[in-house]
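Q: Here is how the chains run, residue by residue.
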Amino acid sequence: MSDSGQQQQAKDVCQPEWPENGGEWSDGEDGTNMDCGLLQAMAEEDEEIDVHNEETFGMDLDVHGTTEAPGDLLQFGDLPPPPPPPPPPPELKPPSPHGSPSPPRQRPQYLSRAPPGQRGRGRAQRGGLGRGQMFDDPAVMRTVQGRPSIKGLDSAIVDCGDAMYQNTFEDDYMAPSSRKTRRVSGSILQDSAIVCVIDGHRGQHPTSNFLDTPYPVSPFRGRRGELRGSYPRRQFGHRGLSRMHPSVVPGSPILSRQPLTPRQHYNQTGGFMFPTNRPCPSTQSLPPKMMQHRFGANSPRPSPIYSPSSNSVQHFRYPGPVTQLHPQHKRLLSQKQRIFQRKPDNWDPYCNLMTAKEKEWITRLQMIQLQSEHPYLEDYYYQEYYRRIEAKMAEEELGIRGKREPLKLTTPYITKTDSYTPVVHIEGSLGQVAVSTCYSPRRAISAVHAVQGKGPHEEQKDIRQQRLEVLSKIEKLFVVLLEVEETERMKTTVLSEAEERRLREKTQAKVQHIYSQLQHHEPLDSGGEFLPFLLVSKGKRLLARLLPFLKQDTALRILSIVTCNLPTLMSRDTEEALPVLYPPLRNVIGGLTFSQLIEALKDFTSDSLTCESLTLACQNKFGLSLLYALLSHGEKLLSSGVPLEPSIGDFETWTDTIFQVAGQLSQCSLVEPLLLPSNLLTLFCRYLDKRTVHQLKSNMESATGYLALPS
Amino acid sequence: MMLTLSLVGKDVVVELKNDLSICGTLHSVDQYLNIKLTDISVTDPEKYPHMLSVKNCFIRGSVVRYVQLPADEVDTQLLQDAARKEAMQQKQ
Numbered sequence: 001m002s003d004s005g006q007q008q009q010a011k012d013v014c015q016p017e018w019p020e021n022g023g024e025w026s027d028g029e030d031g032t033n034m035d036c037g038l039l040q041a042m043a044e045e046d047e048e049i050d051v052h053n054e055e056t057f058g059m060d061l062d063v064h065g066t067t068e069a070p071g072d073l074l075q076f077g078d079l080p081p082p083p084p085p086p087p088p089p090p091e092l093k094p095p096s097p098h099g100s101p102s103p104p105r106q107r108p109q110y111l112s113r114a115p116p117g118q119r120g121r122g123r124a125q126r127g128g129l130g131r132g133q134m135f136d137d138p139a140v141m142r143t144v145q146g147r148p149s150i151k152g153l154d155s156a157i158v159d160c161g162d163a164m165y166q167n168t169f170e171d172d173y174m175a176p177s178s179r180k181t182r183r184v185s186g187s188i189l190q191d192s193a194i195v196c197v198i199d200g201h202r203g204q205h206p207t208s209n210f211l212d213t214p215y216p217v218s219p220f221r222g223r224r225g226e227l228r229g230s231y232p233r234r235q236f237g238h239r240g241l242s243r244m245h246p247s248v249v250p251g252s253p254i255l256s257r258q259p260l261t262p263r264q265h266y267n268q269t270g271g272f273m274f275p276t277n278r279p280c281p282s283t284q285s286l287p288p289k290m291m292q293h294r295f296g297a298n299s300p301r302p303s304p305i306y307s308p309s310s311n312s313v314q315h316f317r318y319p320g321p322v323t324q325l326h327p328q329h330k331r332l333l334s335q336k337q338r339i340f341q342r343k344p345d346n347w348d349p350y351c352n353l354m355t356a357k358e359k360e361w362i363t364r365l366q367m368i369q370l371q372s373e374h375p376y377l378e379d380y381y382y383q384e385y386y387r388r389i390e391a392k393m394a395e396e397e398l399g400i401r402g403k404r405e406p407l408k409l410t411t412p413y414i415t416k417t418d419s420y421t422p423v424v425h426i427e428g429s430l431g432q433v434a435v436s437t438c439y440s441p442r443r444a445i446s447a448v449h450a451v452q453g454k455g456p457h458e459e460q461k462d463i464r465q466q467r468l469e470v471l472s473k474i475e476k477l478f479v480v481l482l483e484v485e486e487t488e489r490m491k492t493t494v495l496s497e498a499e500e501r502r503l504r505e506k507t508q509a510k511v512q513h514i515y516s517q518l519q520h521h522e523p524l525d526s527g528g529e530f531l532p533f534l535l536v537s538k539g540k541r542l543l544a545r546l547l548p549f550l551k552q553d554t555a556l557r558i559l560s561i562v563t564c565n566l567p568t569l570m571s572r573d574t575e576e577a578l579p580v581l582y583p584p585l586r587n588v589i590g591g592l593t594f595s596q597l598i599e600a601l602k603d604f605t606s607d608s609l610t611c612e613s614l615t616l617a618c619q620n621k622f623g624l625s626l627l628y629a630l631l632s633h634g635e636k637l638l639s640s641g642v643p644l645e646p647s648i649g650d651f652e653t654w655t656d657t658i659f660q661v662a663g664q665l666s667q668c669s670l671v672e673p674l675l676l677p678s679n680l681l682t683l684f685c686r687y688l689d690k691r692t693v694h695q696l697k698s699n700m701e702s703a704t705g706y707l708a709l710p711s
Numbered sequence: 001m002m003l004t005l006s007l008v009g010k011d012v013v014v015e016l017k018n019d020l021s022i023c024g025t026l027h028s029v030d031q032y033l034n035i036k037l038t039d040i041s042v043t044d045p046e047k048y049p050h051m052l053s054v055k056n057c058f059i060r061g062s063v064v065r066y067v068q069l070p071a072d073e074v075d076t077q078l079l080q081d082a083a084r085k086e087a088m089q090q091k092q
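Order-wise, the sequence lines are chains A and B.
In case it helps, UniProt numbering puts the first sequence at residues 1 to 711.
In case it helps, UniProt numbering puts the second sequence at residues 1 to 92.
If you're looking for bench data, these hints aren't it; they were derived computationally from the structure.
Treat the hints loosely; a few may be bogus.
Facing chain A, according to a computed beta carbon distance under 10 Å, are these residues of chain B, among others [as the list claims (entries may be wrong)]:
hint	residue
1	Arg60
2	Asp75
3	Leu79
4	Lys85
Heads up, simulated SDA-like pairs for lysine to any residue below, C-alpha to C-alpha not over 25 Å straight-line [unchecked claim]:
hint	chain 1	residue 1	chain 2	residue 2
5	A	Lys551	A	Lys461
6	A	Lys538	B	Gln90
7	A	Lys538	B	Ala83
8	A	Lys491	B	Lys36
9	B	Lys10	B	Cys57
10	B	Lys85	A	Arg541
11	A	Lys538	B	Ser41
12	A	Lys538	B	Pro70
13	B	Lys91	A	Leu482
14	A	Lys510	A	Lys461
15	A	Lys476	B	Leu78
16	A	Lys473	B	Gln77
17	A	Lys538	B	Gln80
18	A	Lys551	A	Ile561
19	B	Lys85	A	Lys461
20	A	Lys392	A	Leu365
21	B	Lys91	A	Leu676
22	A	Lys510	B	Ser53
23	A	Lys461	A	Phe594
24	A	Lys473	A	Arg501
25	B	Lys17	B	Ser41
26	A	Lys491	A	Leu531
27	B	Lys36	B	Ser53
28	B	Lys85	A	Glu483
29	A	Lys392	A	Asp379
30	A	Lys473	B	Arg84
31	A	Lys506	A	Ser496
32	A	Lys510	B	Glu86
33	A	Lys336	A	Leu398
34	A	Lys636	A	Glu575
35	A	Lys473	B	Gln92
36	A	Lys538	A	Ser496
From chain A, some residues computed to sit far from chain B (all C-beta separations above 12 Å) [what the hints assert, rightly or not]:
hint	residue
37	Asn346
38	Ala391
39	Gly399
40	Cys438
Computed from a prediction, not measured in an experiment: that's the story for all the values here.
Ideal placement from N, C-alpha and C gives every residue a C-beta, glycine not left out.
Go ahead and model the full structure; you've got the sequences and the hints to work with.
A: This is the structure:
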């Protein structure tokens with residue numbers, strides 16, 4: 001930004017425009033383009049703003065009264081003896097440490113930087129902001145009643161004619177009198193400060209000149225007057241004292257919002273001087289310093305664009321009494337400040353949104369909140385961190401080297417004690433125990449097999465294998481049987497003769513197939529025909545359903561097998577599936593001739609184990625029932641009058657059997673038969689004496705639970 | 001599924017793949033053979049005490065291993081024949 005350009009623009013700015021184009025504001029301070037009247041108006045407005053600022057931010061003056069080192073432009077420490085000494089925060093004087101060494105440094109910097117933009121800025125602002133209505137921002141506080149206090153203040157940014165840090169340090173070296181002035185009106189001081197600064201800026205006077213002005217002022221008013229007087233002395237034409245005074249009145253409301261010419265000027269200078277986006281070193285801990293945010297890019301800005309960061313970085317001023325930083329922190333901050341101060345800044349059109357005062361005000365607000373009586377409680381890690389840094393730096397200074405390395409986090413290695421056994425192994429088991437999973441459900445463990453686990457493996461395998469074979473065969477035959485039954489059911493439909501015959505043949509073939517299959521099983525040593533199948537319950541069922549389809553002779557065969565092997569069947573009938581055979585066998589028996597009957601009965605009684613078999617039969621439902629059936633049939637035959645064709649010795653066998661059975665029945669306890677034929681007692685009566693019959697009857701009745709029959 | 005549908009209202013024992021057996025009244029069945037049981041009790045040993053307070057439950061069909069049907073409610077012969085026929089059809 002060249003001065004010439006700014007000067008040209010100064011004219012342009014002399015319009016009621018919002019100072020959006022801060023960059024274009026030119027410095028009219030050189031005097032050539034400035035209108036005195038305009039300046040006057042601007043000055044008036046500035047005064048009002050200053051008054052307001054004073055009232056608003058008056059408190060901050062105390063903070064920065066550390067050293068009033070005359071040459072210390074950037075001194076913002078506390079006043080030497082603040083009448084009500086604000087609780088002197090231990091960490092308070094951050095500016096001081098850096099202030100004292102730095103001011104000489106800073107001042108020249110300041111001054112050197114002043115020219116580039118300041119002059120133009122200020123003037124332009126003055127020119128441009130001659131209209132109060134430009135700053136009619138509802139967000140801006142218009143009146144300040146009474147002594148301004150931070151808490152009572154509105155959080156809105158007050159439009160004040162503060163310059164950037166120049167203003168602030170104006171406050172500082174107002175410090176001596178700031179105590180008084182604080183009471184009176186902070187804004188007034190500000191005003192004075194502004195004036196001084198402005199003068200300093202505008203005229204680009206040497207520092208001494210600049211600094212001289214505020215110092216001799218001890219009474220506020222006097223100083224102010226003097227300052228104000230000096231004001232017109234400069235380029236701003238006259239700012240009559242009289243004009244000032246009204247605004248000096250403490251607590252006087254801000255009459256109108258004033259253009260922020262001086263502030264803008266300084267703001268922009270500040271923008272120039274300090275890179276806006278310079279990272280603030282204190283950003284971590286001091287939120288106010290981090291305030292980069294503008295108060296709305298689009299909102300009417302009460303002040304010209306002001307870059308808080310630039311300001312803050314530059315002078316790093318935090319309100320003294322309210323700041324409670326760790327000393328190490330402050331040291332670091334000040335160090336960083338010094339580093340950053342020298343960097344040239346790039347113009348940021350959005351800088352200088354806030355004046356220094358505003359920033360400081362906010363800063364104070366926030367710092368107050370950070371105060372605490374228990375720092376270690378409130379923010380332990382902050383304290384701890386800086387304590388550690390302090391310790392480390394102290395150590396470094398002392399030259400302690402070879403410190404232990406930063407502690408490493410080591411987790412002890414714990415060897416796994418539990419070892420996972422993927423395979424469950426049971427003693428004595430054959431390999432892996434069957435563990436049930438979703439994909440391989442638990443295998444059924446047969447208790448019988450467990451008992452038989454004595455024999456060699458091959459035998460068991462064989463047995464299992466045979467069983468499986470039998471079962472699979474049964475299943476296959478079952479399918480055929482189902483077909484047979486299906487055809488049988490279908491016989492209700494009327495079919496042609498040929499078809500019927502065909503069907504019948506088919507059926508017979510199938511039946512025969514089943515029969516033959518059942519008859520002969522591969523390992524013929526398994527007990528003869530049908531037996532392996534009969535031993536399996538499924539086989540019994542199959543046979544039972546097959547029997548109706550068999551011709552009599554084949555059926556008889558089966559019957560004989562059953563009767564012959566009855567003990568075996570009975571003993572191995574774990575599932576009590578034998579009764580399923582009873583109905584068909586009964587039918588078969590019903591078709592027996594006497595001779596066949598005798599034959600069958602012989603099976604019951606013939607072998608040496610007759611007694612046992614009989615006894616067993618009596619114990620077994622099926623056996624007993626079968627016996628009863630046989631006897632009943634015999635009785636039926638005998639009493640039917642049908643001419644029997646007995647073979648030789650049939651009748652003897654018959655009577656013998658009767659007696660044997662009767663004797664057996666009367667002795668052992670009987671189970672309830674599946675069916676108790678009605679003619680049994682009649683039979684017995686024929687052959688036995690009454691007493692025996694009676695005994696039999698009672699026995700049978702007790703078993704069955706109902707009266708057998710009337711004798 | 002028709003079989004299980006026909007058993008709605010009867011007491012069944014559902015054995016799950018995690019070996020948990022639950023006895024209860026069959027409330028409903030769906031196409032996935034999800035089962036809702038009411039008034040349940042854990043059969044076999046009560047080694048699943050967390051089920052003590054449960055009265056009704058919904059069992060996802062995929063976790064069921066067996067559904068033990070009441071013997072008297074079902075014609076086992078017919079069922080077996082039907083199963084065989086179905087197996088035959090599936091083979092073909």
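Q: Evaluate each hint against the coordinates.
A: For each hint, the structure was consulted:
no.: 1; hint: Arg60; in the structure: violated (12 Å)
no.: 2; hint: Asp75; in the structure: violated (13 Å)
no.: 3; hint: Leu79; in the structure: violated (13 Å)
no.: 4; hint: Lys85; in the structure: holds (6 Å)
no.: 5; hint: Lys551(A) x Lys461(A); in the structure: violated (37 Å)
no.: 6; hint: Lys538(A) x Gln90(B); in the structure: holds (22 Å)
no.: 7; hint: Lys538(A) x Ala83(B); in the structure: holds (14 Å)
no.: 8; hint: Lys491(A) x Lys36(B); in the structure: violated (43 Å)
no.: 9; hint: Lys10(B) x Cys57(B); in the structure: holds (15 Å)
no.: 10; hint: Lys85(B) x Arg541(A); in the structure: holds (16 Å)
no.: 11; hint: Lys538(A) x Ser41(B); in the structure: violated (33 Å)
no.: 12; hint: Lys538(A) x Pro70(B); in the structure: holds (20 Å)
no.: 13; hint: Lys91(B) x Leu482(A); in the structure: holds (16 Å)
no.: 14; hint: Lys510(A) x Lys461(A); in the structure: violated (32 Å)
no.: 15; hint: Lys476(A) x Leu78(B); in the structure: holds (17 Å)
no.: 16; hint: Lys473(A) x Gln77(B); in the structure: holds (18 Å)
no.: 17; hint: Lys538(A) x Gln80(B); in the structure: holds (11 Å)
no.: 18; hint: Lys551(A) x Ile561(A); in the structure: holds (16 Å)
no.: 19; hint: Lys85(B) x Lys461(A); in the structure: violated (30 Å)
no.: 20; hint: Lys392(A) x Leu365(A); in the structure: violated (32 Å)
no.: 21; hint: Lys91(B) x Leu676(A); in the structure: violated (45 Å)
no.: 22; hint: Lys510(A) x Ser53(B); in the structure: violated (57 Å)
no.: 23; hint: Lys461(A) x Phe594(A); in the structure: violated (45 Å)
no.: 24; hint: Lys473(A) x Arg501(A); in the structure: violated (28 Å)
no.: 25; hint: Lys17(B) x Ser41(B); in the structure: holds (17 Å)
no.: 26; hint: Lys491(A) x Leu531(A); in the structure: violated (32 Å)
no.: 27; hint: Lys36(B) x Ser53(B); in the structure: holds (16 Å)
no.: 28; hint: Lys85(B) x Glu483(A); in the structure: holds (9 Å)
no.: 29; hint: Lys392(A) x Asp379(A); in the structure: holds (20 Å)
no.: 30; hint: Lys473(A) x Arg84(B); in the structure: holds (13 Å)
no.: 31; hint: Lys506(A) x Ser496(A); in the structure: holds (15 Å)
no.: 32; hint: Lys510(A) x Glu86(B); in the structure: holds (20 Å)
no.: 33; hint: Lys336(A) x Leu398(A); in the structure: holds (22 Å)
no.: 34; hint: Lys636(A) x Glu575(A); in the structure: violated (32 Å)
no.: 35; hint: Lys473(A) x Gln92(B); in the structure: holds (18 Å)
no.: 36; hint: Lys538(A) x Ser496(A); in the structure: violated (36 Å)
no.: 37; hint: Asn346; in the structure: holds (68 Å)
no.: 38; hint: Ala391; in the structure: holds (56 Å)
no.: 39; hint: Gly399; in the structure: holds (68 Å)
no.: 40; hint: Cys438; in the structure: violated (5 Å)
Of the hints listed earlier, those the structure fails to meet are numbers 1, 2, 3, 5, 8, 11, 14, 19, 20, 21, 22, 23, 24, 26, 34, 36, 40, in rising order.
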